[in-house]
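*Asks:* Just so you know, the protein sequences line up as chains A and B, in that order. FYI, in numbering that gives the first Met the number 0 the residues of the first sequence are 0 to 454. FYI, in numbering that gives the first Met the number 0 the residues of the second sequence are 0 to 606.
Note that these hints are calculated values from the structure, not bench results. Treat the hints with care, since some could be wrong.
[Said to hold, decoys possible] Straight-line C-alpha distance at most 30 angstroms; calculated DSSO-like pairs for lysine-lysine:
{"id": "1", "chain 1": "A", "residue 1": "Lys339", "chain 2": "A", "residue 2": "Lys376"}
{"id": "2", "chain 1": "B", "residue 1": "Lys124", "chain 2": "B", "residue 2": "Lys252"}
{"id": "3", "chain 1": "B", "residue 1": "Lys258", "chain 2": "A", "residue 2": "Lys220"}
{"id": "4", "chain 1": "A", "residue 1": "Lys220", "chain 2": "B", "residue 2": "Lys252"}
{"id": "5", "chain 1": "A", "residue 1": "Lys54", "chain 2": "B", "residue 2": "Lys314"}
{"id": "6", "chain 1": "B", "residue 1": "Lys245", "chain 2": "A", "residue 2": "Lys212"}
{"id": "7", "chain 1": "B", "residue 1": "Lys131", "chain 2": "B", "residue 2": "Lys255"}
{"id": "8", "chain 1": "A", "residue 1": "Lys161", "chain 2": "B", "residue 2": "Lys279"}
[Said to hold, decoys possible] Simulated restraints on C-beta separations:
{"id": "9", "chain 1": "B", "residue 1": "Tyr135", "chain 2": "A", "residue 2": "Lys299", "range": "56 to 66 angstroms"}
{"id": "10", "chain 1": "B", "residue 1": "Thr52", "chain 2": "A", "residue 2": "Asp419", "range": "35 to 45 angstroms"}
{"id": "11", "chain 1": "B", "residue 1": "Tyr135", "chain 2": "A", "residue 2": "Asp24", "range": "55 to 65 angstroms"}
{"id": "12", "chain 1": "B", "residue 1": "Thr575", "chain 2": "A", "residue 2": "Pro411", "range": "34 to 44 angstroms"}
{"id": "13", "chain 1": "A", "residue 1": "Ala206", "chain 2": "B", "residue 2": "Tyr135", "range": "10 to 20 angstroms"}
{"id": "14", "chain 1": "A", "residue 1": "Gly238", "chain 2": "B", "residue 2": "Met423", "range": "51 to 61 angstroms"}
{"id": "15", "chain 1": "A", "residue 1": "Asp24", "chain 2": "B", "residue 2": "Pro402", "range": "27 to 37 angstroms"}
{"id": "16", "chain 1": "B", "residue 1": "Ile489", "chain 2": "A", "residue 2": "Asp24", "range": "50 to 60 angstroms"}
[Stated by the list, open to error] Chain B regions said to be covered by chain A (calculated; three or more residues, Cβ under 8 angstroms):
{"id": "17", "segment": "77-91"}
{"id": "18", "segment": "148-154"}
{"id": "19", "segment": "200-207"}
{"id": "20", "segment": "217-224"}
Glycine residues also receive a C-beta, built at the ideal position from the N, C-alpha and C atoms.
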Amino acid sequence: MIMNNIKYIVVVLSALLSQQLVAQDTGDVLIKNGTVITITDGVKENTDLLIRNGKISQMGEGLTAGDNVRVIDADNMYVMPGIIDAHSHIAIDAVNEATDPVTAQVWVGDALNPYDVNVYRALAGGVTISHAMHGSANAIGGQCETIKHRYGVEDPEAMRMKGAMRTIKFALGENPIRVHGEGQSIVPNTRMGMEQVFRNSFAEGKAYAKAWKDYSSGKTKTPPEYSLQKQTMADIISGDIMIHCHSYRADEILMLMNVLKDYGVDKICFQHVNEGFKVAPELAEFGAYASVFSDWWAYKFEVYYSTAYNAAILTKNGVVTSINSDSRELIRHLYHEAAKTQKYGGLSDNEALKLITINPAIQLGIQDRVGSIEKGKDGDIAIFNKHPLSIYAVPQYTIVDGIVRFDINEDPIDMRIDVDPEEAVPAFMETLDHSEDDSCMQGVQGHHHSHSHKH
Amino acid sequence: MLILSFKKLRLFYFTAYQPSYMKKLLFLFPMTFLLGIIHLSAQIDYDKFPEVTSTYLINDVHIQKSPTDSFGLGDILIKDGFISQVARNITAPADAYVIEGDSAYVYPAFIDALSHTGIAKKEDKGDRPKVKFQGYPPNSVVGITPEVLAYKLVDPSQETIKKMKSNGFAVSHVVPRGKMLPGQGSVMLLSGETNEEMLLGEAGSMYFQLAGTRGFYPTTVIGVMAKWRDLYRQATYLDKHQAVSKASAGPAKRAKADKSLQALVPVTKKQQTVFMKAEKAKDIHRAIALQQDLGYKLVLAEVKQAGPALDKIKKLNIPVLISAKLPKEVKEKGAKDKKDKGKQKDMDKKSTADKNKTSEKPAAKKKAKKEDSPEVKAMKERKKKSYDAYVGQAAALEKAGVPFAFSFLDSKPEDLKKTLKRMMKAGLSQSGAFAALTTQPAKVLGIDKQVGTIANGKMANLFLTTAPYFSDDANIKYTFVEGDMTEFEIKPKKKKGEGSEDFKKTLAGRWSYEVETPMGTYDGVIEISGDEDMAVKVISSDAPGDPMIGRDIEVGDQSLTYVTTLDMGGGSMEMTTSVDVDGDSMTGTVEIDGMGSMPITGTKLPE
Numbered sequence: 000m001i002m003n004n005i006k007y008i009v010v011v012l013s014a015l016l017s018q019q020l021v022a023q024d025t026g027d028v029l030i031k032n033g034t035v036i037t038i039t040d041g042v043k044e045n046t047d048l049l050i051r052n053g054k055i056s057q058m059g060e061g062l063t064a065g066d067n068v069r070v071i072d073a074d075n076m077y078v079m080p081g082i083i084d085a086h087s088h089i090a091i092d093a094v095n096e097a098t099d100p101v102t103a104q105v106w107v108g109d110a111l112n113p114y115d116v117n118v119y120r121a122l123a124g125g126v127t128i129s130h131a132m133h134g135s136a137n138a139i140g141g142q143c144e145t146i147k148h149r150y151g152v153e154d155p156e157a158m159r160m161k162g163a164m165r166t167i168k169f170a171l172g173e174n175p176i177r178v179h180g181e182g183q184s185i186v187p188n189t190r191m192g193m194e195q196v197f198r199n200s201f202a203e204g205k206a207y208a209k210a211w212k213d214y215s216s217g218k219t220k221t222p223p224e225y226s227l228q229k230q231t232m233a234d235i236i237s238g239d240i241m242i243h244c245h246s247y248r249a250d251e252i253l254m255l256m257n258v259l260k261d262y263g264v265d266k267i268c269f270q271h272v273n274e275g276f277k278v279a280p281e282l283a284e285f286g287a288y289a290s291v292f293s294d295w296w297a298y299k300f301e302v303y304y305s306t307a308y309n310a311a312i313l314t315k316n317g318v319v320t321s322i323n324s325d326s327r328e329l330i331r332h333l334y335h336e337a338a339k340t341q342k343y344g345g346l347s348d349n350e351a352l353k354l355i356t357i358n359p360a361i362q363l364g365i366q367d368r369v370g371s372i373e374k375g376k377d378g379d380i381a382i383f384n385k386h387p388l389s390i391y392a393v394p395q396y397t398i399v400d401g402i403v404r405f406d407i408n409e410d411p412i413d414m415r416i417d418v419d420p421e422e423a424v425p426a427f428m429e430t431l432d433h434s435e436d437d438s439c440m441q442g443v444q445g446h447h448h449s450h451s452h453k454h
Numbered sequence: 000m001l002i003l004s005f006k007k008l009r010l011f012y013f014t015a016y017q018p019s020y021m022k023k024l025l026f027l028f029p030m031t032f033l034l035g036i037i038h039l040s041a042q043i044d045y046d047k048f049p050e051v052t053s054t055y056l057i058n059d060v061h062i063q064k065s066p067t068d069s070f071g072l073g074d075i076l077i078k079d080g081f082i083s084q085v086a087r088n089i090t091a092p093a094d095a096y097v098i099e100g101d102s103a104y105v106y107p108a109f110i111d112a113l114s115h116t117g118i119a120k121k122e123d124k125g126d127r128p129k130v131k132f133q134g135y136p137p138n139s140v141v142g143i144t145p146e147v148l149a150y151k152l153v154d155p156s157q158e159t160i161k162k163m164k165s166n167g168f169a170v171s172h173v174v175p176r177g178k179m180l181p182g183q184g185s186v187m188l189l190s191g192e193t194n195e196e197m198l199l200g201e202a203g204s205m206y207f208q209l210a211g212t213r214g215f216y217p218t219t220v221i222g223v224m225a226k227w228r229d230l231y232r233q234a235t236y237l238d239k240h241q242a243v244s245k246a247s248a249g250p251a252k253r254a255k256a257d258k259s260l261q262a263l264v265p266v267t268k269k270q271q272t273v274f275m276k277a278e279k280a281k282d283i284h285r286a287i288a289l290q291q292d293l294g295y296k297l298v299l300a301e302v303k304q305a306g307p308a309l310d311k312i313k314k315l316n317i318p319v320l321i322s323a324k325l326p327k328e329v330k331e332k333g334a335k336d337k338k339d340k341g342k343q344k345d346m347d348k349k350s351t352a353d354k355n356k357t358s359e360k361p362a363a364k365k366k367a368k369k370e371d372s373p374e375v376k377a378m379k380e381r382k383k384k385s386y387d388a389y390v391g392q393a394a395a396l397e398k399a400g401v402p403f404a405f406s407f408l409d410s411k412p413e414d415l416k417k418t419l420k421r422m423m424k425a426g427l428s429q430s431g432a433f434a435a436l437t438t439q440p441a442k443v444l445g446i447d448k449q450v451g452t453i454a455n456g457k458m459a460n461l462f463l464t465t466a467p468y469f470s471d472d473a474n475i476k477y478t479f480v481e482g483d484m485t486e487f488e489i490k491p492k493k494k495k496g497e498g499s500e501d502f503k504k505t506l507a508g509r510w511s512y513e514v515e516t517p518m519g520t521y522d523g524v525i526e527i528s529g530d531e532d533m534a535v536k537v538i539s540s541d542a543p544g545d546p547m548i549g550r551d552i553e554v555g556d557q558s559l560t561y562v563t564t565l566d567m568g569g570g571s572m573e574m575t576t577s578v579d580v581d582g583d584s585m586t587g588t589v590e591i592d593g594m595g596s597m598p599i600t601g602t603k604l605p606e
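The following block holds chain A by itself, in its conformation from the complex:
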C-alpha cells in the first residue's frame, strides 16, 4: 500500500517535472471483424483490433472495450498498418536553403506547418507518417523530419514523431551541379566535384569532433569555433543521423558508398535511385536502403535509364526497398503505386505492401514503433473497403495514435484549419489548382516551372 503511494507520487512528480509543453493526443479505438493485414505475421480474417492510449493493445476475436471507446465495424474491410511515405515535402514552409552546396545545419523540422491541408489529403490515402525532406538543390542539404499526420493539431511540435531517428538529405547529380556549379561557378561543377564536396565535409566533421573532444577532455583550453554544420557532419559520422540521398545514376551511387566507407558511415537510404537495379547486389552488400518511384522517369537527362521493375529487382536482391511519393498528389495513392510492382516484377501481396509500410519504417529508423500491426506498436491504421492492392480500393478510415483522423463518412468540404482573415475567397479556389510546387527544387532561385521537375 505504502509502496503504491510512493509509486504514485513518483509518477505524478516526474510528470510534473518533465513539463511537457505539448500533450501528445492519443486515443482508443476498437476495430471489429476486419481482415487484418499485419505485414509481419500474415493476414488474419474476422479479427478485432483494439487500440488503447494510442497503442495496439489486443488482436483477436470477440474483443470488447467499454462504452466510451469508438467502435469501427470493419466487416468486409481490410485493416492494414498506416502507410509510410519515406519521401515527401508536405507540411513544411521551406524546402531548399539553396545558397550553398553544403547546408547540413538547416533543418526542415524548424519550419513545420501543421496547417498544410495536404496532410489531410495524405490521410485520405491511408498515409499516417511521412518523411518531410529538405530538397535536392545542395549536395548536402538540410536535416529532415519524420512527421505523424496528426491533422488537426496546431502546434508544430505535435506533428513531430518524437524519438524518430534523425535524417539528412544528400543529393547527387544534376541538381546541385546546376544550382551551384552552373549557378554560382563554384565547386561542384562536375560529378568529380560532387565527390570532393562530400569528402571535404566529412573531413571537416571528423576534425571538428576531435577538436571538441580535446576541448572537453581538457587537452585544449579554449573552445573551438562552434559550427552547427560541422557538428551535423560529426553526428552523421557517429551514426546519429541517417543519410537519405537523392540519386539516379549507378556510378554516383557507388561513388557515395565508397566515400561513406572511408568515413565509417553505414546508415544510408538512396532516394529515387532509378539505376538501383544496376547495382542492387552492391547496395545489398553495403546494407544501403532504396526508396523508389514505381514507374516514373525521363524528366531529365540523368533519369532516362530506368525501369518499372526497379522496386522488384531491388527487393529480390535483398535491398530494403520502399515506394515513395515526393509529391502531394502521389502521396494519396501510394497503395496503387505499390500494386504496380505486382504487374512489373510479380511481387507477392505482402512484398508489395511492405514497400509502403515496414520497409519505409526501417528506412526512417522507426520500425520498432510502426510499419506493422503488432501488439505494443503505435495505433496507426489504414482501413480500406477492398484489398489495398486492388484498383477498386478506397480508404475508409485512417487512424493515428488511436485517433481517427480521416473518416470517409465525415469528410467535410473545407478541411483547412487556418484561414487567412484577409484572404480573397477566390484565392482559396486557386489553391485547389494542383500546381506542382512540392518539387525538390522549391525555393531555388532561377527555378521556373516551365522546366520544373520533381526530383
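Dock chain B against the given chain A, drawing on the hints supplied.
*Replies:* The following block gives chain B in isolation, referenced to the frame of chain A:
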C-alpha cells in the same frame, strides 16, 4: 545644464522674432549672434512653443491615474519634468504655467512597446551586393547587425515622432529596420532636440526577425533559424574563450574579434532580451522553439494570431506585444469601392434601406450579385470567423489572463483609437486597453518605476483630451513628455458619416492637382464621379495613359480620402490622399506608407 541653456535660448529667439520685442532684439543681438553658432548645430525647432518655465499646473481635470484608478476631478502639478502633486485645489506656484483644464481629461501618456518611430526607411536601390559565395555573405548583406544601436538612427525631426506624440504617446521602444538581426532597441522619449537627449535608456533588447535575404545564406526560414543557433552558440563560446584568455597565465589562442558576436554576448548572458517578431501562430511556435532550445529571455512582438499558441505562451509566461494593426474593417453597410467587391463584400450585410436605395438606380441594379454557392458561403463564414479571432485577439488574451502591450511595426498611431474601439467591441475592457498602452509596456521595458501612471514622482508623461479618450469628440490638446508640453491645434469637428449628397455633387467633376515632392512638383487631373458609387480616377501628367483608380474612398463632411497604388514595375507604393474641400479648391496631404506625407492642392476645372 546644456539642455537648460538651449531652452533659454529658444526663449530668446522666440521673443526676438515678435515685432513688439524689436527693442529687445537690438539689445540681445550680440549675444544671440554668438549663441547662434551653437544654435544652428543643435538644430532647434523655431516653431516650437518656448519653454518659459518647467512648472505647470493643470487645473480642474478628470484624472485617470492608471488603467484602473480614476482620481476624479483634480489638479496636477508638474515640476522639472516630474509629477510633483496630484490633488484637488492645488494653489498655483508663482512660476507655474497654468492650464485651465475646464473639466477636460488627463491620462498617462502611452508607451509604444516596439516600433521604428523616428527611424527612416532605408532606400532600397535594388543593387545586388558583390559577394563571392552566396553561402558565405558578410553579415551586413544578410541583415545581421546586432551591434547597431537604434537610438543612433533616430532623427528627432522625423514626422513619425510628432505623429506619435499627437496621438498621446510619450515613449517609444524603437528598433532598427532591417532583416534578420537589425540591432538593439532603445527606449526613447518623444521629446528632445537630439537623439541622445531623447534617449531614456538602452532597452536591453535585441530585435530578431525570421527574415532571410533572397539569394544569400540565410534565405529561408530554416536558414535563419539555423543561423541564429550558430550565432548564439558562437557568442556563448566567444565569451568563454575570452574569459579563458584573460585568466590564462600561459599562452591561450586569442578569440577572433567579431563585433556581431560580441554584441550577442549580453543576450546569451540574459542581460538582454530578444524581441522577436512573431505575427502568426507558426512564427510564435518557432520563436518559442528557439528560445526553449537556447534559453534566452524572449518577448514576442507584433503578434497577430496568439490564439493557437495561447496555452504555451501562458505556461512559459512569455511577454506578448500584439500588433496594433487590424485587418481592414468589415463595415455593416454595402461596400462601395471596386476593390472591395471581391474581398470584403462577402461579409457585408446590405441594410434594407440600402437595398431600397439601389433598386431605384438601374445602374446599381445591374451589379446585383447572384446568390453564393453553399461552398463559397461556407468559405466566407470561415473567413469571417478567422477575422473575428484576429480582431478578438486582445480580448482573448485578457480573458486568458495573459498581459500584453502593443507594438507598432505595421500601423499608424492615428489609427490607434479606432483599432482599440474595434478590439473593445470584441470584448477587450477599457482598462485592459489602457494597461496595454501604459503599465504593461512599462513593465516589459523595465521602466515601470519611472513611467506608465500619473503619480507623484513619476515622469510627467501625460496627455489631455477635451472629452473622455474613447468618446467620438475627444481631441488630444496637450501631450507632456518629461514635462515638456506640446500643444495641438484642434481642427473643427467634422460631421460623422458620409458626406451629404450636395457635397458629393460639389466634388463631382475634374480637378487639377499639384503635389509637392522632394523630387519636384507633380501635377495632373483627378476625375471624380459623385453618383451612388463614388469613383476617383487620378491622371498624372507624366503618365496620362495610365490613370490610377482610387479605392477605400471616404467622403466626409467637407473632405475626401482615397487610396491609390502607384505601380513601379516590380514594386508598388500605396498612397493615401486626404483633402479638405472648400468650394472650388482642395488642400491636403498625400501620404506614402511609412515615408511621410507631401502637400497636395487642387482646383476644380470648369465643366
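*Asks:* Hint by hint, say whether it matches the structure.
*Replies:* Right, here's what the structure says about each hint:
Simply put, Lys339(A) and Lys376(A) have alpha-carbon atoms about 28 angstroms apart, close enough for the 30 angstroms limit, and the pair holds. At most 30 angstroms may separate the alpha-carbon atoms for a hinted pair to count; Lys124(B) and Lys252(B) exceed this at roughly 42 angstroms. Taking the CA atoms of Lys258(B) and Lys220(A), the gap is near 23 angstroms; set against the 30 angstroms cutoff, the hint holds. For the hint linking Lys220(A) to Lys252(B), the alpha-carbon distance of about 9 angstroms falls within 30 angstroms, and the restraint holds.
With a C-alpha separation of about 28 angstroms, the suggested pairing of Lys54(A) with Lys314(B) holds against the 30 angstroms cut-off. Of the supplied pair hints, the one linking Lys245(B) and Lys212(A) holds, its CA atoms being roughly 23 angstroms apart against a limit of 30 angstroms. About 22 angstroms separates the Cα atoms of Lys131(B) and Lys255(B), which keeps this hinted pair within 30 angstroms; it holds. Restraint check for Lys161(A) and Lys279(B): satisfied, since their Cα atoms lie roughly 24 angstroms apart, inside the 30 angstroms limit.
Our hint of 56 to 66 angstroms for Tyr135(B) and Lys299(A) is violated, since their Cβ atoms are close to 29 angstroms apart. At roughly 54 angstroms, the beta carbons of Thr52(B) and Asp419(A) sit outside the given window of 35 to 45 angstroms. At roughly 43 angstroms, the beta-carbon separation of Tyr135(B) and Asp24(A) lies outside the given 55 to 65 angstroms, and the hint is violated. Restraint check, Thr575(B) to Pro411(A): a C-beta distance of roughly 41 angstroms satisfies the suggested window 34 to 44 angstroms.
For the pair Ala206(A) and Tyr135(B), the beta carbons lie near 19 angstroms from each other, so the given range of 10 to 20 angstroms is met. Take Gly238(A) and Met423(B): their Cβ atoms lie about 58 angstroms apart, and the range 51 to 61 angstroms holds. A C-beta distance of roughly 29 angstroms is found between Asp24(A) and Pro402(B), which places it inside the suggested range of 27 to 37 angstroms. Distance hint check for Ile489(B) and Asp24(A): the Cβ-Cβ separation is about 57 angstroms, which falls inside the suggested range of 50 to 60 angstroms.
Under a criterion of three residues with beta carbons nearer than 8 angstroms to beta carbons of chain A, the stated coverage of the segment 77-91 of chain B fails, only 0 such residues being counted. Counting residues of the segment 148-154 of chain B whose CB lies closer than 8 angstroms to any CB of chain A gives 0, so the stated coverage by that chain is violated, three being the minimum. Note: the segment 200-207 of chain B has 0 residues with beta-carbon separation from chain A under 8 angstroms; the three-residue rule is not met and the coverage is violated. With a threshold of 8 angstroms between beta carbons, the proposed coverage of the segment 217-224 of chain B by chain A holds, since 7 of its residues qualify and at least three are required.
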